[in-house]
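These protein sequences, in sequence, are chains A and B.
Counting in our numbering, the first sequence runs from 10 upward without gaps.
Counting in our numbering, the second sequence runs from 10 upward without gaps.
Careful, some of the hints might be misleading.
A pair holds if it fits inside one copy or across any two, identical chains being indistinguishable in the list.
[As the list claims (entries may be wrong)] Capping the alpha-carbon separation at 30 Å, the derived lysine-lysine pairs in DSSO-like fashion look like this:
{"hint": "1", "residue 1": "328", "residue 2": "265"}
{"hint": "2", "residue 1": "287", "residue 2": "178"}
{"hint": "3", "residue 1": "175", "residue 2": "328"}
{"hint": "4", "residue 1": "175", "residue 2": "425"}
{"hint": "5", "residue 1": "62", "residue 2": "265"}
{"hint": "6", "residue 1": "47", "residue 2": "328"}
{"hint": "7", "residue 1": "366", "residue 2": "47"}
{"hint": "8", "residue 1": "328", "residue 2": "62"}
{"hint": "9", "residue 1": "62", "residue 2": "47"}
{"hint": "10", "residue 1": "175", "residue 2": "62"}
{"hint": "11", "residue 1": "328", "residue 2": "425"}
{"hint": "12", "residue 1": "62", "residue 2": "90"}
{"hint": "13", "residue 1": "425", "residue 2": "287"}
{"hint": "14", "residue 1": "276", "residue 2": "366"}
{"hint": "15", "residue 1": "175", "residue 2": "454"}
{"hint": "16", "residue 1": "287", "residue 2": "175"}
Hints in this document: simulated from the structure, not taken from any laboratory.
Here the structure is a predicted model, which means the values were calculated and not measured.
Number of protein chains: 2
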Amino acid sequence: MSDLSPAVEFARQNSRRFLDELLDMLRIPSISTLPEHKADIERAARFVAEDLKRTGLENVEIIPTDGHPMVYADWLHAEGKPTVLCYGHYDVQPVDPVDEWETPPFEPHIRNENIYARGSSDDKGQVFMHMKALEALMKTGGGGLPVNVRVIVEGEEEIGGEGIEKFLKENAHRLACDAALVSDTHMFAPETPSLTIGLRGILYAELEARGPRVDRHSGSYGGASPNPIFALCQVIARLKNEEGRVMIPGFYDSVKAPSDAELASWKTLPFDEEEYRKEEVGSVELTGEPGYSVLYRTWARPTLEVHGMPGGFTGDGAKTVIPARGRAKISMRLVPDQDPDEIFRFFRNYVLSIVPKGIRMEVRKIHAAPPVVVGTDNRFVRAAADAMRGVYGKDTVMIRAGGSIPIVAAFGTHLKTPSILMGFGLPDDGAHGPNEKFNIPNFHKGIESVIGFLENLGQ
Amino acid sequence: MSDLSPAVEFARQNSRRFLDELLDMLRIPSISTLPEHKADIERAARFVAEDLKRTGLENVEIIPTDGHPMVYADWLHAEGKPTVLCYGHYDVQPVDPVDEWETPPFEPHIRNENIYARGSSDDKGQVFMHMKALEALMKTGGGGLPVNVRVIVEGEEEIGGEGIEKFLKENAHRLACDAALVSDTHMFAPETPSLTIGLRGILYAELEARGPRVDRHSGSYGGASPNPIFALCQVIARLKNEEGRVMIPGFYDSVKAPSDAELASWKTLPFDEEEYRKEEVGSVELTGEPGYSVLYRTWARPTLEVHGMPGGFTGDGAKTVIPARGRAKISMRLVPDQDPDEIFRFFRNYVLSIVPKGIRMEVRKIHAAPPVVVGTDNRFVRAAADAMRGVYGKDTVMIRAGGSIPIVAAFGTHLKTPSILMGFGLPDDGAHGPNEKFNIPNFHKGIESVIGFLENLGQ
């Protein structure tokens, strides 16, 4: 077709090589949380740096952090044009339970138009789309790009991303840009080009309850000694009511509802609640606040969950201990305009106001990230939506995601820029689980979408 | 003193040797729960068997079980006299945390009139009192005993005692007796001869709650997926009210209060609630049902505790999982006339009636033992109380214990005999913990008390 840009034509002609190169990247077991993979992490960083160098990006640098290094590169000669920061990560999750993989996690296999490998969807396959889009543009653009580009690829996303957060705080100017492009999200459904324009924030906390000085036997002391695990259950049961409404005073005060237009647009999305219950959640019923749809509840309503309760006896069989202490891992998902610091104060005050008799309670914040919403009325969102519509031949849908991507909030805080969350994963990719996959047509369409996005911005 | 029996004189003359022999027994690390100590278990069984043989008991046999062996012996030639079954166990608890021991757990050390060693109080020191009392009686009684005696020393008490329970069911006639003598309990306080005449029963159960089919991310699914850990907290919080009263319908229906005389006798015991709170429990407040004393609450009121909640994320840091399943370990201490089977039905029905939305719940019984009370108006209790009063020069107090000794209930069920719980441990002996100790004067007085008990019965 004559209206294809040279860069897209280049990408199509080189699609086989692009895929082969991605398979090479996927063979590197760059698991960030396991110290024994330190050398693989470094190998993956070099893989990214060398590819960017070959493409012709400048100032390519492997930047050390206190943990794993980041790869930086730029090309900043498009005078008068905006600057886009392409973000991704080259580290991956562990592969447990490894027995459940049909093919080995670091030996990519292709079946049914999917690449099966750890990191294929999260996030090597997606960050590599950025890299190959830049290559196609550079090779067909006379050694230049339609806009200014910075690239940052970190190696600690799966373990909290401390290095890049610190770098952002201390060196914001080195990542200065007009918008960030983040491809670490999902499409709403197959063949449905999607931009994620909202993310929930998170507040992760830990309660520690102390009762008797040392572990005590429930035979001798049951009826006199306070029990920290029972006390935690009492407190947790009062955090949400039976309908799923959070009972912390003030919790909902600053919640801002999505616009009527946004809510209306969600109703047009292909979503079958019964199928979701059965196939995705697999529970006998769904839960959550009455009066809100599933998408509303998981995208734009704040929630509270307990994740686990360390302490006491958790082995098989029976032990009759009243433990000296117990803990509970609790997180809240936050929505605009909830402020994590304020919510933590509300949470802490409420918990301390309902501590059961005989218990000393500590409330600790583990980490937090604010919620994110991207306004849709700007050139970056339009350029991205148009590019994806062009590639998929369908209107781009604007969705939210229930999860949190702390780096997106950090870009907002430190760079004062919006993030364009243009993701090409599919809901069943199984990131973090066994048999993670990435759809190959989406890999190629993702490259073309990124090319289109940068070309649109350069016009 | 001329009114000492020859057996007591023998015991006093041989006290040094008796102690040395006990130290030898304590050097055997017969930890029943650790397979690597299998040979030590067998060594401890042989130690007991050989000692009983030397004493002159007959039919000494190491009886195999599906687990660890029991040692049996008897002497049944006291025609017309009652038969006493001396019970104890030669197995011990593990020694973790081993760093907290001041001297190694299997190298007995003597400090401040105490023997420090694993098993010194629970139960080698106490079972050895029986063995040495029999020796003293036999050596001074012309090769005979004042009553008929059977001895059974098991090696699985610390791991549930399945072998002896099975043996009791199938071979009750081999342990036929008029009373059992069990020395595996405490004195109420130092220099306070004590008979334990009541034990709480136990019902140990496990709840398993299932929510989503597989572990789910709280970002994507929080607000729609049921959370089994939260559901367990909701259920557990409804098992007891804030005052500590169990909310299971029917739970208290068959609770029988102690007699006024028994309650009055508890008020004469040396007990300081504030000291107990501070020194023993070490909590900021005590808990339990209002209107009942600490002794009443821990001895004669039923209680319910949660011991631990396996499932979800229990490591350090943060993981945002809504787990597919979670469990809770729950036990109830039962008092006369609560029936464990009936209480389990009440518990199960109640839990299943309050299962939160979206959760599938299973309620499993792990083990149970009925409560025990020993009538005080019988020759066995009188013989024991008199013997201890003679040795300590103080009236014997009748107490209860909050814990459960399943074998005592089993003796009642299968042998139809009362158990005389004549214990010489002290409340601070630290059985099951580091630096377990046994008071040496109590070891010798225990031997004399057992001698007196058997002599009294033989009169």
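For each hint, the structure was consulted:
no. : hint       : verdict
1   : 328 to 265 : between (48 Å within a copy, 27 Å between copies)
2   : 287 to 178 : neither (44 Å within a copy, 49 Å between copies)
3   : 175 to 328 : between (45 Å within a copy, 22 Å between copies)
4   : 175 to 425 : within (16 Å within a copy, 74 Å between copies)
5   : 62 to 265  : neither (45 Å within a copy, 84 Å between copies)
6   : 47 to 328  : between (40 Å within a copy, 22 Å between copies)
7   : 366 to 47  : neither (48 Å within a copy, 45 Å between copies)
8   : 328 to 62  : neither (60 Å within a copy, 36 Å between copies)
9   : 62 to 47   : within (23 Å within a copy, 64 Å between copies)
10  : 175 to 62  : within (25 Å within a copy, 75 Å between copies)
11  : 328 to 425 : between (54 Å within a copy, 29 Å between copies)
12  : 62 to 90   : within (22 Å within a copy, 100 Å between copies)
13  : 425 to 287 : neither (41 Å within a copy, 56 Å between copies)
14  : 276 to 366 : between (48 Å within a copy, 26 Å between copies)
15  : 175 to 454 : neither (34 Å within a copy, 70 Å between copies)
16  : 287 to 175 : neither (42 Å within a copy, 46 Å between copies)
The structure fails hints 2, 5, 7, 8, 13, 15 and 16 (numbered hints given earlier, in ascending order).
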